[in-house]
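**Student:** Going down the list, the protein sequences come from chains A and B. Heads up, the first sequence is in the working numbering, so the first residue is 644 and it goes up one at a time. Heads up, the second sequence is in the working numbering, so the first residue is 17 and it goes up one at a time.
One thing to keep in mind: the hints can contain errors.
To be verified - Listed below are the simulated DMTMM-like cross-link pairs for lysine to aspartate or glutamate, each with C-alpha atoms no more than 20 Å apart in a straight line:
(1) K687/A x E104/B
(2) K123/B x E728/A
(3) K74/B x E748/A
(4) K65/B x D101/B
(5) K687/A x E728/A
(6) K65/B x E748/A
(7) K123/B x D729/A
Honestly, the hints are just simulated from the structure, not real lab data. Owing to the predicted nature of the structure, the values given are computational and were not obtained by experimental measurement.
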Amino acid sequence: EAGVAQSPRYKIIEKRQSVAFWCNPISGHATLYWYQQILGQGPKLLIQFQNNGVVDDSQLPKDRFSAERLKGVDSTLKIQPAKLEDSAVYLCASSLLLSGGNYNEQFFGPGTRLTVL
Amino acid sequence: AQSVTQLDSQVPVFEEAPVELRCNYSSSVSVYLFWYVQYPNQGLQLLLKYLSGSTLVKGINGFEAEFNKSQTSFHLRKPSVHISDTAEYFCAVISSGAGSYQLTFGKGTKLSVIP
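Sequences are here, hints too, so could you generate the full structure?
**Tutor:** Shown next, in the form of structure tokens:
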């Protein structure tokens, strides 16, 4: 079974530029997550989708970050404009549909390492 | 609000020696607890989880962890480490009952196994 795919793996941009990351979850996984992992810290949830709807985006800096999952499968995360402090690894994860208080394991992709100069 | 504290940022240990990586959490409600491992330039892989039932949880690669509710701890242990265990380990918590099942991670512990 294929895992969570992410691209690109690495990206270097200058501050104030725009960047987009792509994620393809495991087939059949309705729930998709984007995490930001700053060097020396644990991952922090940015946004969670269930199918193509947003479940939680309370920690997404909405003035510069946006994410979409139009057809309930692939997702893109965009930063516009980027700041130096956005340098981090952006992880995508997916899980089966969350329902009825049952937890389903999140499977993580390899991440995209963003460097903002 | 939930939070996770990993008391050691780096743990060096000799090969075949035992290791314990410490994790404490705070949450006002029932929790699910997890340990993830991250190898260089890779994503996170689940080592083990506690959802309910027995407080001693066994995971992959010979790791185990014990949920201690009174001490709000979930320490990770392995009786004999290998070079291949060199990686960063993250403890995480979910407060059950929160609809989004948001994982809150600790800052991680880098385990270095010395030959």
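**Student:** Decide, hint by hint, whether the structure agrees.
**Tutor:** For each hint, the structure was consulted:
1. Proposed proximity of K687/A and E104/B is supported: the alpha carbons are some 16 Å apart, at most 20 Å.
2. Proposed proximity of K123/B and E728/A is supported: the alpha carbons are some 17 Å apart, at most 20 Å.
3. At roughly 16 Å between alpha-carbon atoms, K74/B and E748/A fall within 20 Å of each other, so this suggested pair holds.
4. Between K65/B and D101/B the CA atoms are separated by roughly 18 Å; this keeps the pair inside 20 Å, and the hint holds.
5. Simply put, K687/A and E728/A have alpha-carbon atoms about 14 Å apart, close enough for the 20 Å limit, and the pair holds.
6. Proposed proximity of K65/B and E748/A is supported: the alpha carbons are some 9 Å apart, at most 20 Å.
7. Distance check on the hinted pair: K123/B and D729/A sit about 18 Å apart at the alpha-carbon level, within 20 Å; holds.
Comparing the model with each earlier hint shows no violations; every hint is respected.
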